[in-house]
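Visitor: One-letter residues, chain by chain:
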Amino acid sequence: MTDATTVLTGDGQPAGPGQRDSYLNHGKGVLSWLFTLDHKRIGIMYLAVILASFFLGGVFAMFIRTELLTPGQTIMTADTYNKMFTLHGAVMIFLFIIPGIPATLGNFVLPLMLGAKDVALPRLNLASFWLWLIGASVAVASIIIGAVDTGWTFYTPYSTTTGTAVVAMTLGAFILGFSSIFTGLNFIVTIHKMRPEGMTWFRMPLFLWGIYSTAIIQVLATPVLGITLLLLIAERTLGVGIFDPALGGDPVLYQHFFWFYSHPAVYIMILPAMAIMSEVISVFSGKHIFGYRFIAWSSIAIALLSFLVWGHHMFTSGQSSLTNMIFSALTFSVAIPSAVKVFNWLATMYKGSIRLAAPMLYALSFLFLFAIGGLTGLFLGSLSTDIHLHDTYFVVAHFHYVMFGGTVIAFLAGIHYWWPKIFGRMYSERWAQVSALLIFVGFNLTFFTQFVMGSHGMPRRYYNYLERFTAYHQASTVGSFILMIGFLIMAGYLLHSLVRGERAPANPWGGATLEWETASPPPYFNFEHEMQAGDPYDLDALSWDPSIKGYVRRDPSSVLAAPRGAD
Amino acid sequence: MSAHEQSFVHIASVRLLLIVWVALIFGTWLTVSASNVDLGFLNIWIGLAIATGKAVLVALYYMHLRWDKPFNAFVFLSAFFFLFLFIGFAMMDTAQYQIDLIPGYSPGMGG
Amino acid sequence: MTALNFVGLLLARIAMGPDPDDGSFWMPPQVSTVARSVDWLFNFILAISVFFFILIVVVMVVFVIKYRRREGQQAQSSPSHNTALEITWTVIPVIIVIVIFFFGFKGYLDMATPPANAYEILVEGQKWKWSFNYPNGYVDENLHVPVDRPVRLVMSSADVIHSLYVPAFRIKQDVVPGRYTKVWFEATEPGEYDLFCAEYCGTSHSDMLAHVIVHPPGEFEIWLEKASNFLETMTPVDAGRKLFQVRGCQQCHSMDGSAKTGPTMLGVFGRTENMADGGTITVDENYIRESILEPNARVVAGFEPVMPTYQGRLKDAEIMAIIEYLKAPAGASQEE
Amino acid sequence: MTENAHLETDGLAVDHHFENADQQYQSAKLGMWVFLATEILFFGGLFVAYSVYRLNHPEVFIFGHHFLDKSLGALNTVILICSSLTAAWAVRAAQLKQIRMLKGMLLLTMLFAFGFLGVKAVEYNSKWKHGLLWAREYHPHVDHEEASEILITKEDFETGAVEGVVEDVTALQKVGDGVLAETETVLIEEAPAAAPAAEANRSTIAPAAEGPPGLATQGTEESSEKVIEVEPANAQTFFSIYFLMTGLHGIHVLGGIGAFMWLYLSARRGYFSTGHFTRVDMVALYWHVVDLIWIYLFLLLYLIE
Ligand code: HEA
Ligand code: HEA
Ligand code: CUA
Ligand SMILES: [Cu+2]
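Protein chains in written order, with my numbering: chain R, 1 to 567; chain Z, 1 to 111; chain B, 1 to 336; chain D, 1 to 305.
Heads up, a few of these hints could be off.
[Stated by the list, open to error] With a straight-line cut-off of 27 Å between C-alpha atoms, the simulated DSSO-like cross-links for lysine-lysine are:
| hint | chain 1 | residue 1 | chain 2 | residue 2 |
| --- | --- | --- | --- | --- |
| 1 | B | LYS260 | B | LYS242 |
| 2 | B | LYS66 | R | LYS549 |
| 3 | Z | LYS69 | D | LYS120 |
| 4 | B | LYS182 | B | LYS260 |
| 5 | B | LYS66 | R | LYS351 |
| 6 | D | LYS129 | D | LYS97 |
| 7 | B | LYS106 | B | LYS182 |
| 8 | D | LYS120 | D | LYS103 |
| 9 | D | LYS174 | D | LYS70 |
[As the list claims (entries may be wrong)] To give an idea of the chain D side of the interface with chain R (calculated C-beta under 10 Å), a few residues:
| hint | residue |
| --- | --- |
| 10 | GLN23 |
| 11 | VAL48 |
| 12 | ALA49 |
| 13 | VAL122 |
| 14 | ASN125 |
Honestly, the hints are just simulated from the structure, not real lab data. Here the structure is a predicted model, which is why all the values come from computation and not from measurement. Cβ atoms here follow ideal geometry from the backbone N, Cα and C, with glycine treated the same way.
Using the sequences and the hints, build the whole thing.
Guide: In structure tokens form, the structure reads like this:
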């Protein structure tokens, strides 16, 4: 590994003379990024495009909230509004949150945690990124050629009869599905085949357990989304009459197909979030994680049980009563492993040494918000209450609490936690706290009001609403603007950190997983040594070194296996 | 995973390949003949049993599962497990709500 | 942080003012026999949720305060797992959710099994209109029901999926093309309540509303009798106007000259229309009749052939009335 | 009966992030199996649709499958089994570095695959000619260009050669074991001697006294009564499912041909002389799954009774 001379790093910052070789400056030019096989670069490219998608989805959200400021028309027509929430939902789900954590942080961190040089199948990894790009382009193209107005669920027969660009959007989602499958497949293989010496299954960092469980769902559920969307496309283009009642098809069967994927998909969203939580809470409490095995097993349990509950989205759909009852009963089973995790995280904080740095602030808001989101799932899982609450804003609030309050908040925790590792720079802690606070307050104002109006009977996907819901909607809209300001601040200080941020030490937080053993940002081949793994939560093995403003291992040889031969 | 583990690959003999081939052809003949005998509801199950027998032969011998890591077989089988789950629930539900359906409803078929 | 959140909630509460529909903080008024049990379960789950939520937040806050990192201080040691404890907090939620499931299931059984003597009303959903067919053949755009009497709705859809939702009754059921779905309720308070379409169905989904009018004892029959006779009691023009509203025509046809999904009906009679196949047509009685019964036989240029047929759904006398209404000068159609 | 061999790992190029050839091979293999699992669930959706419709409307499937040609289906099954044999053989050849044998087997496999598609094309063509397509394109009709296959024509009714058949049947044509009528798709079947003609789903157009000429030989000698079965409602569903399943399968066959082509070119370039055989192994695994799926499709679509 030679010292590089002055080169441009990937994010455009000039690297100082004599700067160490890192994956960021290992190759130059756009092509060295677009066709890289390096999991770290792929992770960063994913991060860029996925945050862009989040921004796009967020813009749609702000249009939605602005329109709902008053009943009737505020800024757009009904047809435009219907397209807005469809695009908001579809972009947020298919482009942003499903690939979200695994493709970005998972890609970057997973091989590092394994002490490996890369994922097992780097070409597939790149292919998955390209599929994402293609799929996203097709989906975004649908916006240009007339957008879609079906809701992100594409229920037939509305989706087979509407005149909007359903085929383009579903084709996009179909391609994105394969991107997701390949990511999951890759992680399964990597975790099976590339664990370093000493890392038995129960010595894996819990982040890996979470990503692994996610991958199981990605691999087993996503193909069904694929065939569902393919059938929908065939329905529209050829008229195959499987889902379209006009041709003898069954629209409720479509819903079974859709939710067979899309329910497990919500755990594709939350499991990686939980995975991040286990790392962050332990590290910022300065404590060994509590109940490792329960947390690990509960991830697998959630993944498997998630396949048994899809019918809870269909309690009022015409699904038979017997099926309703079975699905309601099974639904509650998923709540148990989630509860286990929450309690274990709390117990981890017990007698700890808790630092309220930005990642931990997000972790604490996660606990707060996910508890609300998850607990409101109980109202929905229970049959008689769901009949009333289904398709109202109560559901909208529920899923924003779990998806935003859960996944997005944990994603932010993860971004702040690994940011120094990824870019080798620190961000402004003070601004991070301000934005975390704004997001927390804005979020609750936006969506807690929606629980109340939902249980009062405000249906979702409503462009127009009765006078008496106005106050709720307006409070919600105000909240969403606070939320937006929080995000703009975040975008500001993170961008600033890329250029001006203080240099980060290898281990700024005192994490004991392997990614903290290499430089920030890591060199091209990740580690100078072959690594071996110890207990990933043995935080006592580290001590603070004020001279480098970071943590160092008391006994570095405990993680080093043989030195690496020249590659 | 570890360097000291010996690489181990199975190579199927020509004889084995041919024997399996004969068995598969025989299985095909058997399914076709079985379908010509009217055994009521049993037909479908017998057919499925023979087809599954053929599938198992292909998987075990042509796909080397018999000598492969058990985990690979587990992965493959779990796909079937989740598929049956899907089929099972879907069949249970659709059968239950049949009475609500308007028989032969298909206004778009033009007749 | 929690304090701030409570401030947020408080602000929201103040902004909302008193509960607008006379319900409680969470729920609209209870107007059906099942509402009470639904609300009971809702409150039960709410109590459990609040308990666990407060537990979690309090524990979290206490830990954060008590074990806050202080200069040079390390975490104290404590076990990193405790099987008995972990099993406890696995089993307790298991028991709780079983209880919740049980009550939800029990409440649902009541909602799913209508009493034998229920009064039956046929409901049809179409974009973006509800029609309620009473046993005597009368069709209304609102749902009128007697108080204290089980009512069963047998529902079907003419196009896409809709969903009939009456928050005050706590009932909701999708209306699916190609099948009959059913729902029942027994209203307990006379009054007027909202009925929503809860399944997204396109442009005017949020305007696919109706009222539920619960009549005091004895008055429902009187209302039905009077309403059913409108062809006799009203002038043909008025009856036509009513039909035009009730039967969903105005969802697609305006009376003010603007084109909606279909051409405006303002001054339609005697108008010369260009047809999609290139010909022209002067609108007369026969053409209107044909448009209603076989809408796609001849399609007006510039419009999609999406108008549903009313064959078998409108009686001859009713079509006559509609024709009279469409013939009437604009003034007649303005008056309310 | 079997030979075990230790792979020579020395001298094989190993990607930089792997420690040795075995790890690389096992990773690829696990990856492939996971991919095959996704394939099962991908196709699985169609099997769900099949099961649901077949369970609820068996008459549609009974009716529809008569129009498929069992013998062509069986032929294709045999072809695919042969291709599986050659694919498995190709793996063996690659493992043993028998390059000529490998190339031969790859060529044979591709040949079989094309053969399969050819037979499929014949079948599709016949459906096409009679309008037996998926729902929106489902317009069954007699193909008058194939005059020789037409069993009964309008004249037969007029001359009284056939009695008792409803009037608007103007021509009957046999397609597979099914019979198409000009105005209605009907099926001529043996009526069980004792059973009354009007079973629930066997609504009859008319029990033709003699049975239409030309069909008499079809039946067994004992029961002479023929029932013309009317097309059940939503018969199009069968053909939708038929085309979806065989179509998706056909696309997989095409993909397989592409993959074998790639292997063949690699073989010609000498790639497999180095001892790498992972690629052949992976493609063969994929191909066997394509075969596996067909085994079920053949049973479920052609052999319904
Ligand atoms: C990240 C995504 C995510 C997650 C994690 C969840 C988690 C859960 N969801 Fe949610 N859900 C969605 C995303 C998600 N959901 C989406 C997107 C929709 C709507 C889609 C649409 O229609 O557009 C939806 C809709 C939805 C419905 C359908 C509502 C309807 O349309 O009528 C139901 C019904 O059962 C439901 C239930 C649950 C349950 C029981 C959980 C459980 O997993 C929750 C478990 C968690 C806890 C229980 C909290 C933690 C535990 C404790 C605090 C301890 C105490 C606990 C006990 C005593 C049990 N969800
Ligand atoms: C991940 C999922 C996700 C996320 C995060 C959000 C976020 C938000 N959603 Fe979401 N929403 C859905 C998924 C999501 N939504 C889905 C699936 C539906 C159902 C659709 C359907 O019915 O079909 C829905 C529906 C939905 C509705 C209901 C519409 C209706 O039924 O009529 C509403 C209404 O208020 C709403 C509002 C919002 C708001 C205000 C946000 C805000 O939180 C958004 C805040 C974000 C921003 C303002 C972007 C700011 C970003 C930047 C400035 C850049 C940041 C850069 C860096 C961090 C570097 N959403
Ligand atoms: Cu009708 Cu929504
Ligand atoms: Cu769900």
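Visitor: Decide, hint by hint, whether the structure agrees.
Guide: Okay, the hints, checked on the actual structure:
Only pairs whose Cα atoms come within 27 Å are accepted, and LYS260/B paired with LYS242/B is accepted, the gap being roughly 19 Å. Simply put, LYS66/B and LYS549/R have alpha-carbon atoms about 25 Å apart, close enough for the 27 Å limit, and the pair holds. About 36 Å separates the Cα atoms of LYS69/Z and LYS120/D, which puts this hinted pair outside 27 Å; it is violated. As the CA atoms of LYS182/B and LYS260/B are separated by approximately 32 Å, the hinted pair breaks the 27 Å bound.
About 8 Å separates the Cα atoms of LYS66/B and LYS351/R, which keeps this hinted pair within 27 Å; it holds. The straight-line distance between the Cα atoms of LYS129/D and LYS97/D is roughly 48 Å, outside the 27 Å bound, and the hint therefore fails. Of the supplied pair hints, the one linking LYS106/B and LYS182/B holds, its CA atoms being roughly 19 Å apart against a limit of 27 Å. In summary, the hint linking LYS120/D to LYS103/D is supported, as the alpha carbons are separated by about 26 Å, within the 27 Å threshold.
The suggested pairing of LYS174/D with LYS70/D holds, with an alpha-carbon distance near 14 Å, which does not exceed 27 Å. The interface hint given for GLN23/D holds, since its Cβ lies 6 Å from the closest Cβ of chain R, which is under the 10 Å cut-off. With a cut of 10 Å, the hint placing VAL48/D at the interface with chain R holds, because the nearest CB-to-CB distance is about 7 Å. The restraint placing ALA49/D at the interface with chain R holds, with a minimum CB-CB distance near 5 Å, inside the 10 Å limit.
Evaluation of the VAL122/D hint against chain R yields a violated restraint, the C-beta minimum of about 21 Å exceeding 10 Å. Annotation: ASN125/D was flagged as interfacial toward chain R, and the flag is violated, the nearest CB pair being 18 Å apart, outside 10 Å.
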